[in-house]
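Engineer: Could you put together the complete structure from these sequences and hints?
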Amino acid sequence: MAEVVRVVAADDPVRPLFSPTGELTPEARSRLGLDAAALRDLYRNMVLIRRADQEALNLQRQGELGLWGQYLGQEAIHVGAITALRTEDWVFPSYREFGMAMVRGVDPADMLTLFRGLSHGPWDPNKYHFAPLAIPVATQVPHAVGFAMGCRLRHSDEVVLSTFGDGATSEGDWHEAMNFAGVFKSPVVFLCQNNHWAISVPLSKQTAGSIVDRAKGYGFPGIRIDGNDVLGVYAAVRAAATRARQGEGPYLIEAVTYRMGAHTSSDDPTRYRLDSDLEPWGLRDPITRYQVWLKAQGVIDDGLIAAMAAEAESAAQAMRARLTALPAPPPGEAIFGRVYANPPASFVQEREEFEASLEDS
Amino acid sequence: MAEVVRVVAADDPVRPLFSPTGELTPEARSRLGLDAAALRDLYRNMVLIRRADQEALNLQRQGELGLWGQYLGQEAIHVGAITALRTEDWVFPSYREFGMAMVRGVDPADMLTLFRGLSHGPWDPNKYHFAPLAIPVATQVPHAVGFAMGCRLRHSDEVVLSTFGDGATSEGDWHEAMNFAGVFKSPVVFLCQNNHWAISVPLSKQTAGSIVDRAKGYGFPGIRIDGNDVLGVYAAVRAAATRARQGEGPYLIEAVTYRMGAHTSSDDPTRYRLDSDLEPWGLRDPITRYQVWLKAQGVIDDGLIAAMAAEAESAAQAMRARLTALPAPPPGEAIFGRVYANPPASFVQEREEFEASLEDS
Amino acid sequence: MTEAVTMAKAINLSLRDALTRDENVLIFGEDVGALGGVFRITDGLQKAFGEERVFDTPLAESAIIGIAVGLALRGFRPVPEIQFDGFIYPAFEQIVSHVAKYRNRSGISLPITIRVPFGGNIGAVEHHSESPEAYFAHTAGLKVVTPATPADAYALLQTAIDDPDPVVFFEPKARYYLKEEIDPAARVPIGKARVAHEGSGVSVIAYGPTVSIALQAAKTASQEQISLEVIDLRSLSPLDMDTVMASVRKTHRAVVVHEAPVFCGFGAEVAARISHDAFDLLEAPVGRVGGLNVPYPPARYEKLYLPDVDRILQAADAALAYG
Amino acid sequence: MTEAVTMAKAINLSLRDALTRDENVLIFGEDVGALGGVFRITDGLQKAFGEERVFDTPLAESAIIGIAVGLALRGFRPVPEIQFDGFIYPAFEQIVSHVAKYRNRSGISLPITIRVPFGGNIGAVEHHSESPEAYFAHTAGLKVVTPATPADAYALLQTAIDDPDPVVFFEPKARYYLKEEIDPAARVPIGKARVAHEGSGVSVIAYGPTVSIALQAAKTASQEQISLEVIDLRSLSPLDMDTVMASVRKTHRAVVVHEAPVFCGFGAEVAARISHDAFDLLEAPVGRVGGLNVPYPPARYEKLYLPDVDRILQAADAALAYG
Ligand SMILES: Cc1ncc(C[n+]2csc(CCOP(=O)(O)OP(=O)(O)O)c2C)c(N)n1
Ligand SMILES: Cc1ncc(C[n+]2csc(CCOP(=O)(O)OP(=O)(O)O)c2C)c(N)n1
Ligand SMILES: [Mg+2]
Ligand SMILES: [Mg+2]
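Residue numbers (the working numbering), protein chains in the order written: chain A, 1 to 361; chain B, 1001 to 1361; chain C, 2001 to 2323; chain D, 3001 to 3323.
Since the hints were derived computationally from the structure, they do not count as laboratory data.
It is possible that part of the hints are untrue.
To be verified - The calculated lysine-lysine pairs, modelled on BS3-like cross-linking and capped at a C-alpha distance of 27 Å, are:
(1) D:3047 to A:205
(2) B:1205 to C:2047
(3) D:3192 to D:3219
(4) B:1185 to A:205
As the list claims (entries may be wrong) - Restraint-style ranges between C-beta atoms, simulated for each label pair:
(5) B:1202 to D:3303: 14 to 24 Å
(6) D:3280 to C:2219: 45 to 55 Å
(7) C:2051 to B:1313: 41 to 51 Å
(8) D:3303 to C:2050: 18 to 28 Å
Stated by the list, open to error - Chain B stretches covered by chain A per the calculated footprint, using a threshold of three residues with CB under 8 Å from any CB of chain A:
(9) 1117-1125
(10) 1180-1189
(11) 1198-1207
Even glycine gets a Cβ: it sits at the ideal position worked out from N, Cα and C.
Structural biologist: What follows is the structure, given as structure tokens:
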């Protein structure tokens, strides 16, 4: 990490918040400006999204979802990053950012219709300032940069969060987008969720370099931080976003975490990693760690913890109930309804014929 | 440049040869191990390829070539790099490396048939260990890396030279290839010919970072050197190739030079740069500078210089004469001959019909 | 009506007018700024509209299209340029997986117009003469158009830029120097072919660069008392089968012409459709005239590779002589 | 003959035999090593042949194909895997501009076999169910094949790997679990279709995942005394028109079936060709049954999007009832 210190621009507001190994310094922690309610909310959101994650996995196992990609272990990143933004700041996620969307207020049952095969994009991105999930790895990064370029052209002070995995950094699109962001000094915070795995490929086979070191080659700073510390993630994204908002351009945050679950419900990680690989990371669980700290600060107690767990439980049940009750949109609408804003006549005709054929059968 | 020193691995054999600003140190220069004949050959080759470049431009202006892309000002890179390699080391060029191919022994008249519209690849890459020109920018870089991976798998000690422009570094393929090279520790020397322009786009609009700084992010060292010093280029490529040959993996050399001509004969640089921009670079002309140094060393004199100029002149005339006399290959062969090794019956039939139709008309 | 202008100039004027009319229009790509593009299509636009509206990008086609997606989401109307047909492939993922599908996934329209000079016959080196239109026509969610004349180039580009859906706008670069009067008030709807030349014997269906060849063929044929009707498709996706069928109903014979290799080319769709829809009308099989089924050859050979007047006439003769 | 195996296993065995037989064969891609691929097609191969012959790459499709070019130049016979159909697009440039054209430019053969699981019907999320074959079939310089059965999968893959030219090998992933006996000595030449089911009424031309649907349709039809002949193309480029025409000469009617959207799909080529070559024989227009002209829909709707037995039967009925 010593390297990172040196590559940083003098005006870097993020670096001073962290130790050379990426931990939020005690001083910075005490100066975050979050009151007790805000500190509790971070905890509460982590608990809520973890329980939703678990419920989604259950739903998948019970055949209610076609697929599920857990974010178990990455909750500090999901909650810390979104909390650090303003609601008008857009987020461009990959496919594992369900928790981020929840924090943004997207209804989780609606969201799950994607994994239930009912919709490719069940929320209105313009409403939540949360772009659709992007399944082809890294391809959303240029969208984030383009959006951020647009914010700058509009002279607005919105910033954009572009989040992606460690594996995504190998794709050409990732590189092209990073370079554009540097050239156009776009207000974008790049947040790499380095969870050590791209399906079965470990970070060591993904790159011989390091992700954070790449920022300099694009002309902006970067930092590697502890991705299992919700306050650290909050602080880093907050500071990087403020910097971007002030016209200082992009920033790369490599948040180091670990994928505690399988890649998705289709994956069998026993084929490529040992249970024991997870142990050290279990000890760094973002919720447990934060709970300990909050308790020590006297910000929560067992009663509150139990209440939040109960709230998460009933939210999960509500999500399940709503999801399984949600009707499937009519086929004509689901298949044809959103393809074109200005549909060609032949397309309209094809839809009509399709709908007529459904009535026939 | 001070940064570069720090990012370098301890075993870096290239760095000690250069000053922090990328100049070959006097000590290194004196220890290159090149005898007078070899030193003269570097000069001779630069003169030969410059004259050929000029002749190709003349040919284009006279309508004998469809297009020409000058490498005026980049001769030190062309000659220094190729001279530093063994003949069994493959070179993967872009489209401006005519001079490199000449040094490798490819017949220049044959080569020009490409720009005369007679062939997409007029030499046998297996004979010269010189890959076909690659016109889509940066797309040849993964080929070089794959080839180098293959050398390693064969346990041979060949290395590969991958050369590209400053503009090429913005393409996704460039990034993906660099990263693969790091992961597979491939014996490849990446040589960026940073001539400050990608057609009309100056380096400052190509990236906000620096090219050499990118190496670290891929896990190998890099250095920025003076690309107008033939001995410096020779020394850097030589040392990087030796390192790669010994199994130490890739190396990135950013050779800083300047495109003294137009992008190609189709280009009009007066639309985007001033003549005065060229002036400082005219003073750093690679041939003139080297000539001064050689004279000071007593390695050449005016007689030799004149003799080499005369040799270049007659070689250029021979190139012109041979080119304009070269017959066009028969259409059937030129169009169909090399598409498939194992052509489908329908393809053979299409060719026969085509050839029959030519006879008819 | 203005004075006669080249197609290159017509496109330049169309971009200029779009930039003037709609402040959300942005033009960007490689060398479109100070240089004005390698074909000078964007000549003077940066000067007139500033570096925020018309700007050079780094050399990266995938990002050029990728940022267009982001800019469109932010409310802009991006008109990115891909420098040559052969350099659109690095952007294929962004076009096929995002530009074409983003609305279907999000409900948000992406009013992106991707300009691409395409086609051969310019004596260029490899990768500068490709005709990749079939790849995009096969991609649901895109609209694909190509003008054959300066007037259509002006008008169709206006429509494309105004359209709320993404359009791939192929410019027949070998025809950039055709001259014609243009009418800045005229509009050409997407999805509407035009009868470029009336005739009664054989319908010759062409688009982009092959329209002028088909017209020459019609002229030559008329000297032999053969009447060709030339249809200029203008829009490949959607395809205007009404206009095509109206012609075939008259002629009972059809030949499709394009520069791309015939195999699985756009002509296959046209031929399959005519063969199907006009099954009882056709008096001869639908002919296809196109590029040979090989990679685009070296320039010296391109005239042998490309469809020409002779090959069109041969196909028309075969259709007339059939049976 | 061995015991019955799934298509997944047949491909695994074919790769294994290729690795054994030819030390130049290399297998690489995302997750093909320890994991054995997301479909377990490469299961056990890294263990058996080592990390030099079977290896995981970083997550970058363009480089996966790009290094295949370099490895082939160095004398290897690369068999890269693209994890899903929808992730081949980032590699489009390398495939179209290099894999397809390298020999034409250099005289050096690139014996690369690109394996791609393709097609829908697996209940997946977006980008995992695409049928991009027409893009590659339209690209001169490539050969494009797809097996419909385990035996063909084994044998066709052997041929593809041995072929000195680049082959795109599309694996119908929804059929990975079909079971059949395979004969490791059998070879299927590239460019040779097969009659999967003899019949006399209508020729149903299918490939990859739609062959088994066509066979079901033939079965259902036979109960109503309708005789369908099912042709499994196996090879899309080159296309075996001899086998197709032999069938149409018998049936005088044809229907083409694929999962990709009909517009400008591979069926357009087949339909155009049959309509042309069998002009005097056809008693009905050639029918095309395929995906709707929309981006692949959410999984719940895929059965409505994809061709099924009913739609094939309707098209066959229409052909029989025509006139
Ligand atoms: C372009 C592309 N190639 C391949 C895939 C298949 N795939 C899905 S996720 C994944 C690994 C991604 O790893 P990473 O970026 O680290 O994100 P993580 O899954 O760890 O969150 C792969 C290979 C894909 N979705 N897109
Ligand atoms: C993929 C691709 N996009 C665009 C082009 C058009 N083009 C040809 S050369 C060039 C600039 C290349 O600049 P650089 O890499 O610096 O090399 P230089 O020409 O300076 O040698 C461009 C944009 C191309 N050949 N390939
Ligand atoms: Mg990961
Ligand atoms: Mg350059």
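Engineer: So if I understand the rule, the pair passes when the alpha-carbon distance is 27 Å or less; does residue 1185 of chain B with residue 205 of chain A pass?
Structural biologist: holds (11 Å)
Engineer: Quickly compare the C-alpha distance for residue 3192 of chain D and residue 3219 of chain D to 27 Å and report which way the hint goes.
Structural biologist: holds (24 Å)
Engineer: For residue 2051 of chain C and residue 1313 of chain B, compare the CB-CB distance with the range 41 to 51 Å and indicate the outcome.
Structural biologist: Since residue 2051 of chain C and residue 1313 of chain B have Cβ atoms about 46 Å apart, the given range 41 to 51 Å holds.
Engineer: Compare the distance between the alpha carbons of residue 3047 of chain D and residue 205 of chain A with 27 Å, and conclude whether the hinted pair is satisfied.
Structural biologist: Holds - the C-alpha atoms of residue 205 of chain A and residue 3047 of chain D are around 17 Å apart, at most 27 Å.
Engineer: Counting residues of the segment 1117-1125 of chain B that have a beta-carbon nearer than 8 Å to any beta-carbon of chain A, does the count reach 3?
Structural biologist: Our answer is that it is violated, as 0 residues pass the Cβ test (under 8 Å) against chain A, missing three.
Engineer: Run the distance test for residue 1205 of chain B versus residue 2047 of chain C: straight-line Cα separation, threshold 27 Å.
Structural biologist: Holds, at about 17 Å.
Engineer: Are three or more residues of the segment 1180-1189 of chain B within 8 Å, CB to CB, of chain A?
Structural biologist: Three-residue rule met by the segment 1180-1189 of chain B, so holds; n is 3.
Engineer: Confirm or reject the claim that residue 3280 of chain D and residue 2219 of chain C have a C-beta distance inside 45 to 55 Å.
Structural biologist: violated (32 Å)
Engineer: Taking the Cβ atom of residue 1202 of chain B and the Cβ atom of residue 3303 of chain D, is their distance within the range 14 to 24 Å?
Structural biologist: Taking Cβ atoms as reference, residue 1202 of chain B and residue 3303 of chain D lie about 55 Å apart, which means the hint is violated.
Engineer: Does the Cβ pair residue 3303 of chain D, residue 2050 of chain C satisfy 18 to 28 Å?
Structural biologist: Given range 18 to 28 Å: violated, Cβ gap about 52 Å.
Engineer: The segment 1198-1207 of chain B covered by chain A? Criterion: 3 or more residues, Cβ-Cβ distance below 8 Å.
Structural biologist: holds (count 3)
In this structure, the hints that do not hold are numbers 5, 6, 8 and 9, in rising order.
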